[in-house]
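Given chain A, put chains B and C in place with the hints provided.
Chains as they are written, first to last, in this note's numbering: chain A, 1 to 281; chain B, 1 to 281; chain C, 1 to 358.
Hints may contain errors.
Stated by the list, open to error - With a cut-off of at most 25 Å between alpha-carbon atoms, the simulated DSS-like pairs for lysine-lysine come out as follows:
{"#": "1", "chain 1": "C", "residue 1": "Lys173", "chain 2": "B", "residue 2": "Lys247"}
{"#": "2", "chain 1": "C", "residue 1": "Lys59", "chain 2": "B", "residue 2": "Lys72"}
{"#": "3", "chain 1": "B", "residue 1": "Lys247", "chain 2": "B", "residue 2": "Lys110"}
{"#": "4", "chain 1": "C", "residue 1": "Lys54", "chain 2": "B", "residue 2": "Lys247"}
{"#": "5", "chain 1": "A", "residue 1": "Lys176", "chain 2": "B", "residue 2": "Lys110"}
{"#": "6", "chain 1": "C", "residue 1": "Lys64", "chain 2": "B", "residue 2": "Lys72"}
{"#": "7", "chain 1": "C", "residue 1": "Lys216", "chain 2": "B", "residue 2": "Lys247"}
{"#": "8", "chain 1": "B", "residue 1": "Lys72", "chain 2": "C", "residue 2": "Lys54"}
Quick caveat, the hints were computed from the structure, so don't treat them as lab data.
Since the structure is predicted, the reported quantities are computational estimates derived from the model, not experimental observations.
So you can see what is in the structure, the chains are spelled out below.
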Amino acid sequence: MEGKKARDPWVLLLLPSLVWLGLFFFVPLVIILVISVLQRGEAGVVHWQLDFSAYARLFETANVRAILRSMLIAAVTTGFCLLVGYPLAYYIARRSSRWRQWLHFLVLLPLWTNSIVLMYAWIILLRHEGIFENILAFFGWANAGTILYTPAAIVIGLSYWYLPFMVYPIYNSVEKFDFTLMEAAHDLGATRFQAFHKILLPLTMPGVIAGTLLVFISSLGTFVVPFMLGGDKTLMFGNLIQQRFLSIPQDWPLGAALSVIMLVLISSGIGYYLKITKRHA
Amino acid sequence: MSNNFSKKRTQIKYEQRRPALWDRLLDPLLSINAWLTYLFLYLPIAILIMFSFSASSFSTVWGGFSVEWYIKLFHDAEIAAALRNTLIVASVSTLMATLIGTMAALAITKFRFRGQNMIEATLNLPIILPDIVQGISLLILFALILNISRGLGTIIIAHVVFNIAYVAIIVGARLRGFDRSLEEASMDLGATPWQTFWKITFPLIWPGILSAALLAFTLSLDEFVITFFVTGPGATTLPIEIYSLIKRGVTPEINALTTLMLLVSILLVSLSILLQRRRLS
Amino acid sequence: MKKYAIIGVLVIVIGVALWLYLGPKILAPISESSRLAKELHLFIWEEYLDPQVKADFEKEFDVKIIEDNYGSNEELLAKLQAGGSGYDVIVPSDYTVRMMSRQNLLAELNLKNIPNLTHIGEKFKNLEFDPKNQYSVPYMWGTTGIGYNKKTVGEAPTSWASLFDPAKLEPYKGRLSMLNDARECIGAALLYLGFSPNTTDSAQLEAAKQVLLKQKEYVAKFDSESFEDSLASNEMFLAQGWSGEITIAQGANADIGFVIPQEGSLIFLDNLAIPKSSKNQYTAEIFINYLLKPEVSAKIVNTRLYASPNETARTLIKPDILNGPSYTMPAGVRLYWLEDVGSAADLYEKIWLEVKGQ
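Chain A extracted, bound-state conformation (with noise of 0.2 Å):
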């Protein structure tokens, strides 16, 4: 019977975990928090007075615009990736169990490869004279422009880097379901469609909630994919918080205003995506 004297090892077990992550993971985010009350000094730098205009200043529109387009493109690539992943899932799942180790470790073989690589390997598929270019060429239509550059360049290079992200979680689900149960609904007369919505969907819920939350939210915070497909044209949430902190003229106080701000946006986000989900659990 366990509980019994659980005081002590639970409390042995947790320690370390809890010590490291309130070390380096929660102090730096108080220091942040303080950070973005406090006052911007000469050159960025931050003064030892209470100053909270920080958050006045993030409410400029380019600042808000940026945020605005962030979880837009965000929410592209979480759908883009929710739509060719779970069907992907699914088929993996449905295949011999032969097949199935070798492409469920296909997905996820890329992020074996260097990402940043990857994102120049897409740079050189993309670009004007590109293989793209080159391909569509010799198929008479030159000049057709290329989509490098453009935010569509950037939701394909999140859906790239994250996808397995979003299939790793509902192939899981998927592979644990029953598929008697499917055929049970097709005996008692229900269409596939059916019995995908009011069985496979709520069972696998668990599984598709999480690749959507950390699709959304890597896709949220990111910056080297806009600085890189998107040619630093489209200026997403990272890229203003990294250059807050990093450019010349620095604002530490806002830039730590808007990582305050992201953690809030990301935390409530969950918190009601969650609450919206657990109805179809």
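Just chains B and C, lined up with the frame of chain A:
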């Protein structure tokens, strides 16, 4: 809806019923989606591999077949140093994170105590917070507050933070799906909790721990943003080295390196899949 | 279950083997005994130092140079601001030296250890950002101009209008690259309008902003790091870029030309400096002095293709480099140094944010 109870069901698989048009299209559509997705995933990788054998130093022009880049790669001291650093960081941080994270997962799932849900949510936070905020906040912590010199040590510390979260989630999921009755039976038979853990629990969750460790290792290998901020002199990791090389457009050696890394991981996993199949048959 | 065990064992074995084989030494101790340090930590732009020069120094002075790279002044500044960076020699641009000296991040140089400073041309010494060369010593200089593809761009550009006039830009839409730098882009727009790139006048800045906003749909990307690659590979036909990089692009693609617009342009100077936190200032100064040796300076120019402020070295530099973009200074064209704009810096940043955020 016709009542099909009277028909024989057992031999007819779910997908092989006489379906409506939508149903008939579904399977081919799923296949097309799957194969297009794999094409999408592997096109850049194919480009990378192809150009690693190109004699031209520009990544956009095919210069004839050549393995010179592979040879150059083995003589490149900077890349070797970066690779060494990356492997050190990845192995050390994986080991630590797996240990700490597994302990945390055990504590969360096996015991009941107050604030359990909150602590569990806390353990998941590093996944949610975007890497740019983590990176900047850690830099400020290390440099301004603690004033310690940055290098491989600080990178390892940073990697352990997010790896703990991933390990805790994965091992926790494994533990949750775990059949308690085995443990209880063992305890009833007189085994101590320690013995129960090692003889019963551990062997059964070992695959989960290993896959969590593998994931942590993979994430650490490719981690760029946080590492970028907390690194110091002489502590360049592979992603950072690659990033600075790519900005110059110098990638053939990188292509060679990426190809090799891919090869290694393919070999490893193929080996294990084949071995497992051998044992089953 | 065994399959995972095998993966695990293989991974660990390979990891340990590589670790042992490739050698440890995470933190190398720095010896205090000799006057010269055992190691010197250099933080420099990528490909800004010839590896042969580095090797020669290491051999002559028995000091190991550990080189790390950065891609922008901002990166350098951030790393130094965060404190205790661990670097001994850095290479900040002119305006960065100004910012760093004001923030007390740079060590005062003992110029007695850098006698080779005399080889530097007078016009590059005692400049506004560091009047007595207290904190920095010149390394390389360059100008901003327009790189273009002679084959595809009809007439050679002579004015900033080639980058800002929509009528001129139309045929090259999506084939234009601008520098990813607020001062450079806004400065170019200001020069196009006939104003100074260091202005603090908000009306002038507003006009520049409009020019940039109109230009944006023709711009493919903002890139300070690989525009020369884009030009050389014919991905871009027009680029706002720096003289040194465009010289490199010419080497790869003979169709690339460089021009400094008649309205004027920016000139910049990259400098050698020592962070205050460095513990090896003497060794750093010896290294800096070595780099200022005419033969060494010339060697760097001949391989890296940037322009050196070292007058004595001119005789040792290859003629086609002296006649190339790196050293181009057309008569009658005014070259501006980037000056501090004080509180107007926020205005510049706001404009940049708006242009990027459109």
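Quiz item: Holds or violated: are the alpha carbons of C:Lys54 and B:Lys247 at most 25 Å from each other?
Solution: holds (22 Å)
Quiz item: Taking only the CA atoms, is the gap from C:Lys216 to B:Lys247 under or equal to 25 Å?
Solution: holds (23 Å)
Quiz item: Given the hint that C:Lys59 pairs with B:Lys72, does the C-alpha gap stay at or below 25 Å?
Solution: holds (23 Å)
Quiz item: Is it true that the CA of C:Lys173 sits at most 25 Å from the CA of B:Lys247?
Solution: Distance ~23 Å between C:Lys173 and B:Lys247 Cα, so the pair holds.
Exercise. Would you mind confirming whether the straight-line C-alpha gap from B:Lys247 to B:Lys110 stays at or under 25 Å?
Key: violated (49 Å)
Self-check item: Restraint status (C-alpha distance of C:Lys64 to B:Lys72 at most 25 Å)
Solution: Distance ~23 Å between C:Lys64 and B:Lys72 Cα, so the pair holds.
Quiz prompt | Pairwise hint evaluation, B:Lys110 against A:Lys176, where the allowed Cα distance is 25 Å at most | solution = Answer holds: A:Lys176 to B:Lys110 is near 23 Å, not above 25 Å.
Exercise. Quickly compare the C-alpha distance for B:Lys72 and C:Lys54 to 25 Å and report which way the hint goes.
Key: holds (20 Å)
The structure fails hint 3 only (numbered hints given earlier).
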